[in-house]
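Undergrad: Put together the whole structure using the sequences plus the hints.
Number of protein chains: 2
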Amino acid sequence: MSLLKIASVPPAAVAPDTTVLEAVEVMAEHGVGAVGVVDNGQLRGIFTERDVMLRVVLRHRSPQDTRVGEVMTSPAETISDEASEEDALVHMVEHHVRHLPIVGADGQLKGMLSVRNLLEHRVDELARELHSLDQYLANDGPGG
Amino acid sequence: MSLLKIASVPPAAVAPDTTVLEAVEVMAEHGVGAVGVVDNGQLRGIFTERDVMLRVVLRHRSPQDTRVGEVMTSPAETISDEASEEDALVHMVEHHVRHLPIVGADGQLKGMLSVRNLLEHRVDELARELHSLDQYLANDGPGG
Chain A
6 MSLLKIASVP
16 PAAVAPDTTV
26 LEAVEVMAEH
36 GVGAVGVVDN
46 GQLRGIFTER
56 DVMLRVVLRH
66 RSPQDTRVGE
76 VMTSPAETIS
86 DEASEEDALV
96 HMVEHHVRHL
106 PIVGADGQLK
116 GMLSVRNLLE
126 HRVDELAREL
136 HSLDQYLAND
146 GPGG
Chain B
6 MSLLKIASVP
16 PAAVAPDTTV
26 LEAVEVMAEH
36 GVGAVGVVDN
46 GQLRGIFTER
56 DVMLRVVLRH
66 RSPQDTRVGE
76 VMTSPAETIS
86 DEASEEDALV
96 HMVEHHVRHL
106 PIVGADGQLK
116 GMLSVRNLLE
126 HRVDELAREL
136 HSLDQYLAND
146 GPGG
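Those sequence lines, one after another, are chains A and B.
Using the numbering used here, read the first sequence as starting at 6 and increasing by one per residue.
Using the numbering used here, read the second sequence as starting at 6 and increasing by one per residue.
Just so you know, these hints were derived from the structure itself, not from any lab.
Do not rely on the hints blindly, as some may be mistaken.
As the list claims (entries may be wrong) - Here are some, though not all, of the chain A residues that point toward chain B, as calculated from beta-carbon distances under 10 Å: (1) M32; (2) G38; (3) L94; (4) M97; (5) R103; (6) R121.
Please read all numbers here as calculations on a predicted model, not as lab measurements.
Each residue gets a CB set at the ideal place from its N, CA and C atoms; glycine is no exception.
TA: Structure below.
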């Protein structure tokens, strides 16, 4: 299964000259904690709520006057849409990141995968399995 | 196994009248994304990097002049140290939180459990299992 099926597609994205305040507004609108930083469709970096805290607030920078290009993480850790969910999760844990931009062979940003996407998908799967088991026990099981 | 064994203990914590900037400094020192807000040892709420972004930066509040007590999440979702890792993870996914303060029967904050704690512990366990399997194949296995 392609990771794009559980990622945010299209991903929230901003240009490098977007202000931090505007990027925060984009994250709030999308209900996400990270945006891709994109120039002509090419991924240049990632900007997250962790960056807002550590590179803007902690450094006494002004959210109105600071550009995302100055405080983003670049290059970003990325992943191919053909990787497995498990590989993506291990990659996130090992690199201490909560988001992985999904990038095509052409360097274009195609989606944004979060730990939350992976966990919610896994919980949904478990819920489906439990539901199937319930159905089995109600209809075809040993009864009782 | 007690969840306290994989959580941050003692947890990063601040008083309600701490400024947002001071709380961010505490989170940066501890390398974490959330602090417990504690009054006389009793948990009053939780303050996270998501709150920094959405309740401070997005709302044009000053990190120097805003108190954590004004922008924390209260009451916080909490968990008992006797819950299972799986229950904790499902609780986090369902409640859309990345941190769960571990609170004793007396309301005292004992630790802070993060999604990262749970995932790192799981990855460590898998690595140990793989190592045991390697040892088995090298020493006691069918050979080759």
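Undergrad: Each hint: holds or not?
TA: Hints, one by one, checked against the model:
1. M32: holds, 7 Å
2. G38: holds, 7 Å
3. L94: Hint holds; L94 (chain A) Cβ to chain B Cβ min 7 Å, cut 10 Å.
4. M97: holds, 8 Å
5. R103: OK, holds: R103 (chain A) within 10 Å of chain B, min 8 Å.
6. R121: With a closest approach of 7 Å, the R121 (chain A) hint holds.
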